[in-house]
Structure formats: C-alpha cells, structure tokens
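K.L.:
Those protein sequences? They're chains A and B, same order as listed.
Per my numbering, the first sequence starts with residue 1, numbered consecutively.
Per my numbering, the second sequence starts with residue 1, numbered consecutively.
You may find that some hints are simply not true.
Stated by the list, open to error - Straight-line alpha carbon distances no greater than 25 Å define the calculated DMTMM-like cross-link-like pairs of lysine to aspartate or glutamate that follow:
1) A:Lys148 x B:Asp215
2) A:Lys204 x A:Asp160
3) A:Lys246 x A:Glu141
4) A:Lys108 x B:Glu318
As the list claims (entries may be wrong) - Which residues of chain A face chain B? A few of them, derived with a C-beta cut under 7 Å, are:
5) Arg94
6) Arg99
7) Met110
Please keep in mind that the hints were generated in silico from the structure rather than gathered at the bench.
Because the structure is a prediction, the values reported are computed rather than measured.
The beta-carbon is built from N, C-alpha and C at its ideal position, and this holds for glycine as well.
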Amino acid sequence: MNVTTAIQAATRAFAIGGPILELDSISLRFGGVKALTNISFNICEHEIRAIIGPNGAGKSSMINVINGIYTPQEGEVRFRGERLGAMTPQRAARMGISRTFQNIALFKRMSVLDNIMAGRTLQTRATFLDVAFRTPRSRREELESREKAEEIIEFLEIEDVRKTQVAKLPYGLQKRVELGRALAAEPKLLLLDEPMAGMNVEEKQDMCRFILDVNENYGTTIVLIEHDMGVVMDISDRVVVLDYGKKIGDGPPEEVKRNQEVIDAYLGVAH
Amino acid sequence: MIYRQAGQFRTSYAADSRAIPFREDRVALALILIAAYFVIPFTASDYWLSVILVPWLALSLVATGQNILMGYAGQHSLGSAGFMAVGAFACYNLMLRIDGMPFLVALILSGVIAALVGVVFGLPSLRVRGIYLAVATLAAQFFIVWVIDKFGWFTNYDTSGIITTQRMEIFGYRFTTPAEQYLIVLGIVTALTWLADNMARGRTGRNWMAVRDMDVAAEVMGLSLLRTKLQAFAISSFYCGVGGALFAYAFLRSVEPTAFDIYLSFRVMFMAIIGGLATTIGPFLGAAFILLMPVFLNTTFQGLFGAAVDATIISALEQVIFGVAIILFMIFEPLGLARLLQIAQDRLRQWPFKY
Numbered sequence: 001m002n003v004t005t006a007i008q009a010a011t012r013a014f015a016i017g018g019p020i021l022e023l024d025s026i027s028l029r030f031g032g033v034k035a036l037t038n039i040s041f042n043i044c045e046h047e048i049r050a051i052i053g054p055n056g057a058g059k060s061s062m063i064n065v066i067n068g069i070y071t072p073q074e075g076e077v078r079f080r081g082e083r084l085g086a087m088t089p090q091r092a093a094r095m096g097i098s099r100t101f102q103n104i105a106l107f108k109r110m111s112v113l114d115n116i117m118a119g120r121t122l123q124t125r126a127t128f129l130d131v132a133f134r135t136p137r138s139r140r141e142e143l144e145s146r147e148k149a150e151e152i153i154e155f156l157e158i159e160d161v162r163k164t165q166v167a168k169l170p171y172g173l174q175k176r177v178e179l180g181r182a183l184a185a186e187p188k189l190l191l192l193d194e195p196m197a198g199m200n201v202e203e204k205q206d207m208c209r210f211i212l213d214v215n216e217n218y219g220t221t222i223v224l225i226e227h228d229m230g231v232v233m234d235i236s237d238r239v240v241v242l243d244y245g246k247k248i249g250d251g252p253p254e255e256v257k258r259n260q261e262v263i264d265a266y267l268g269v270a271h
Numbered sequence: 001m002i003y004r005q006a007g008q009f010r011t012s013y014a015a016d017s018r019a020i021p022f023r024e025d026r027v028a029l030a031l032i033l034i035a036a037y038f039v040i041p042f043t044a045s046d047y048w049l050s051v052i053l054v055p056w057l058a059l060s061l062v063a064t065g066q067n068i069l070m071g072y073a074g075q076h077s078l079g080s081a082g083f084m085a086v087g088a089f090a091c092y093n094l095m096l097r098i099d100g101m102p103f104l105v106a107l108i109l110s111g112v113i114a115a116l117v118g119v120v121f122g123l124p125s126l127r128v129r130g131i132y133l134a135v136a137t138l139a140a141q142f143f144i145v146w147v148i149d150k151f152g153w154f155t156n157y158d159t160s161g162i163i164t165t166q167r168m169e170i171f172g173y174r175f176t177t178p179a180e181q182y183l184i185v186l187g188i189v190t191a192l193t194w195l196a197d198n199m200a201r202g203r204t205g206r207n208w209m210a211v212r213d214m215d216v217a218a219e220v221m222g223l224s225l226l227r228t229k230l231q232a233f234a235i236s237s238f239y240c241g242v243g244g245a246l247f248a249y250a251f252l253r254s255v256e257p258t259a260f261d262i263y264l265s266f267r268v269m270f271m272a273i274i275g276g277l278a279t280t281i282g283p284f285l286g287a288a289f290i291l292l293m294p295v296f297l298n299t300t301f302q303g304l305f306g307a308a309v310d311a312t313i314i315s316a317l318e319q320v321i322f323g324v325a326i327i328l329f330m331i332f333e334p335l336g337l338a339r340l341l342q343i344a345q346d347r348l349r350q351w352p353f354k355y
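Construct the complete structure from the given sequences, taking the supplied hints into account.
P.N.:
This is the structure:
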C-alpha cells in the first residue's frame, strides 16, 4: 500500500468492510451463447468496485445478474451471507440494491422531482385509498419523500430543473437525475452501468465527484461499469476485468493495470 | 393585469405541491363550483340540465376513468363502455334484488363490481401492450354486452331486454326533477374527481406513470408491474362503472345493453385524448367538446340553411366537419384542450406584454 492509498484509507468515513455480495461460479447462457462463464468475485461493504472489459465482455449481464433481471444457469449469489435463489428485480430492490441503466431509463414524461420521488416507492407504504383521501399517513409520507428528494436534488445540484420534464433535459443532466432516482431508494448497494458514457470531461468530473461523495457520505457500496480507464483507476478501490464472459483480472487498480492478460485483452500498449 | 402571480410565495413543500398552485386559479375554480351548485340548478332549462349537463358530467367521469388507465398508467383500453354497462346493470340489480338498498351504496358497490370485472379484463395487459392491448380489451366490450343481453337475469327477464331504472333516493329524499338529478350527479362527480386528482398527484399516480414511461426501471425500483397495472385497471373501471350507472340512472333511465356499444367506448377514448391525457381537467373539456360540438354544428346549420337543404345532407355534413375538426385538432395540439388552456393561462400571465 503506497502513501496516498494509506491516507485515503485512513480518512475514509466508512472503512471498507467484509464482503457484502459474493458471486460464486456464475454462468449465464442465452441459448448457445455463453454470456458469463464461471465467474466468481466479491464486493466488500463501502467499497467502489469497477467492472471493466471490452464490448460484449458481459459487464452489463453481470449487473443484470446481480439485480435479478437475468437468472444465471449455474452458480450462486449471496447478499449479506444470504443465498439468493430465484432473484427478481423486485426482491433485489427490497434488499437495498438500486441501479442506473446504460441507456437512460428515466420516466421521460415526469418531472425531475417526480422521477426522484418515484424512486422512493419502496420507502413509502400509503395505499391508493390513503393517497386518494389524503390520510395523515399519506400526507406525512409525501412530505418525507419530498424532503428526501430535495436533499438529493441539492446534493446533485439540479435545483433549477426540479420541475422540468426530464425529456427536455440535456443528456448529462438526465444521467444525473437517474443517479438521483437510484439514490432516492437509499440503497445499500448501488449498481451504475456506464454512468459517464458520452460525457465531456467536465461532466465526467462532476459525476466522479458525486459518486465519491455518495460513497463517502452515505457509505453506499458502489459497483461501476466504466470504459474511461482514467476514471476507473482514479475512483475505484478494486477492479474486475471481464473478457468474453470470463474473468481475467481482479484486484486493486495498480495491480490490474500491470496484469499482462488485461493489457492484451483490453488496455493495450502504447505503440 | 388581473392575472398576476408575482408575489405568491410557496414557503413549504406542502404549499408547493398543491393541486392548484395559483390563487387566481383557485378562486376561478371556487367560482365555477359555486355557479355549478347554486346558480345553474335554478337558472338552466330542464333541457340543458338533463340532456346536456347530466350526460356531460357522467361521461366526464367515465373519461376520467379512461384517463387514469390510458393517460397515467399508459394502458390502452377500448372497454370503457363495457365497464359502464357493468356499473349500470350492477346498480339496477342491486337496487332490485336487495330490499332497502340505498342508492349511494348501490352506486359504490356497482363501481366495485365494475372494478373486479376490470381486473379480469386487465390481465392481458401483463403480456401485451399498446394497440394490441386495446384490441384485447375489445373482448370486454363485446363479451360484457353480449352476456347482459343473452342472460335475462340481468334485465330481470324483461321481454324487450330494456330495464327501467329505479328512483334515486338518498336518506329518504327522492331526486326527481332535472335540477335535483343534476345536483346528485354533480356531487358525485366532484367528489370522485377530487379523489382521482389526489391519486394522480401522489404516490399512486407516480407509480402508474413510472410503469407507463419505463416499465423495466419501474420494476427495478421494486414496483410490481402486475399489481400496478391491475390497480389502474380496477380504479379506472370503478370510475367507468359509477359513471355508467349515473349515465343510466340520471340520463337514459330506460336502458338497453346495446346502449353501451363500441361506439360509446370510442367516444370516451376520444374525450380522454382530445381533452388532454394525464390531466385532471382534460376529460371534462374533452367530454364537452365531443358532446357539444355536434349540438353546436346542428344549431348552426339549422340556422344557416334551415329547410332549404335536405336534412340528411346537413347531418352528413355535420359528421364530416366534426371529423375534420378532430383531425385538425390532433395535428395542431396533440396534447389536447388542457394544453390549450395552459397556453392561454401562460399568455394571460404576461398580457399585455408578449414575454
């Protein structure tokens, strides 16, 4: 451990703990296509874990397995020691797993505020009758949701567009709103599928800051798919490298960077 | 100059999420409601009350139901007239077969029965969407009307298959005159519209819109698509059922099952679309447009040509103009009359300045 990482570790509000999510020999096939083959790795509490690899390596499939959109044919996923058999997206959400999508999947015709408040659907209990008759429970929850949503809006610096329909926002802001919606659910584990794809340098820097702040302020464990190696090496604690559905590297960024197999498959060499 | 909203500060989140944010609009709504409750019943003619206003209110309620399903939850349905029939005939049978059944209770129960039927016919929404779902809900339309027509029990074995609705009576008071019937319909429509608006702006409405806009993301947030879609079908059908019962009891009075045909379903759908989907006021504006436009065209043509032109040509011409008006409208303002109202308000705020 070099000096900078030692300082980082010492000043971190939430020290990296034991494994929160364990993936054990995961294999996923679509018919004859092997998307993931025998992949095992773990994600520790409070860490930022990056998944990298060339296009089609199975990164998004990996995230889809973690949050239950795909069910792997073999292997098991354990979240906080509990074995997850048939995982569904709903179950994942109830266990505290939130995510964003590679192609923005916002509720396009709703306002920024409504999108973020919609993200709190599991944090609220009011039935449609509560809502219809504005019972005290409904009104209290609505206010709580609003307060929480405003906290996120302030954190992400999108106060001025809170009542704007998201379809009208520029791409970079939409990505930010999607992060906000995921945060609204107060996740334990946050899955970010290419949060910085298509952004310019300033937008990337902002997004990095938000990701680090989420990790720092709330202790949220973050799994991140990203292609920008500078970003990955800068902000992640550990990196998993996939290629053709197989794991070819796993470890801290400096170590992965020197891994010959990773260099051959993905990073390449300066010519 | 009268429509200025400067200086109206919202200093709490509750104030910021009111149904009607501006004071002027709240005053306007209050005035409209006062006029509707205290002026119109005493001034409007019986013809206006029972032939224009009552069906307008009842169909606005049905269109509100259609709007919940189509506008908020994004599930296209062509079954609204079928659910109206369920409401009307459920109400009739409840009143007929249960002694001393109060009208209001029967009305709410008939809405609940329509909701249950709606859930059954909403099941295809879990597998198909968009225009294909609309086709699937046609089954509701045809099946329900067929069942009521086929089995005499629903019409109390009337030889002509036509039912005559019972009197509307609340707490021993009989609502018989057009003004009284108008008031009872108005009261129910006001209450149910308030509830629908609350749902649409709250957690329930956000869940519906989440499913409408991006179902994968909604599911990943932990929302059950099954429950949310079926809930929308149930609540929408409740509104259609109550609206159908009011339509039958306060307007038609002698009801045959075929009154609730596919044409009525289409008209309700047009009301929701032309009025403006996913707005509270839209269904009311849309219903007014669809109901009043033909009346307006009719009187205009009669005034212009009178006996000079053949009546069949006039009525054909009316249909053509009505159709063209709808097409033009959809081209120039696809977001509906509610959007036009919004634009007018925005202009008025700046008047007499351009910006």
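K.L.:
With reference to the structure, classify each hint as holding or not holding.
P.N.:
Taking the hints in turn, this is what the structure says about them:
1. A:Lys148 x B:Asp215: 24 Å, holds
2. A:Lys204 x A:Asp160: 20 Å, holds
3. A:Lys246 x A:Glu141: 45 Å, violated
4. A:Lys108 x B:Glu318: 39 Å, violated
5. Arg94: With Cβ-Cβ at 6 Å, under 7 Å, it holds.
6. Arg99: 6 Å, holds
7. Met110: Interface hint status for methionine 110 of chain A: holds (5 Å vs cutoff 7 Å).
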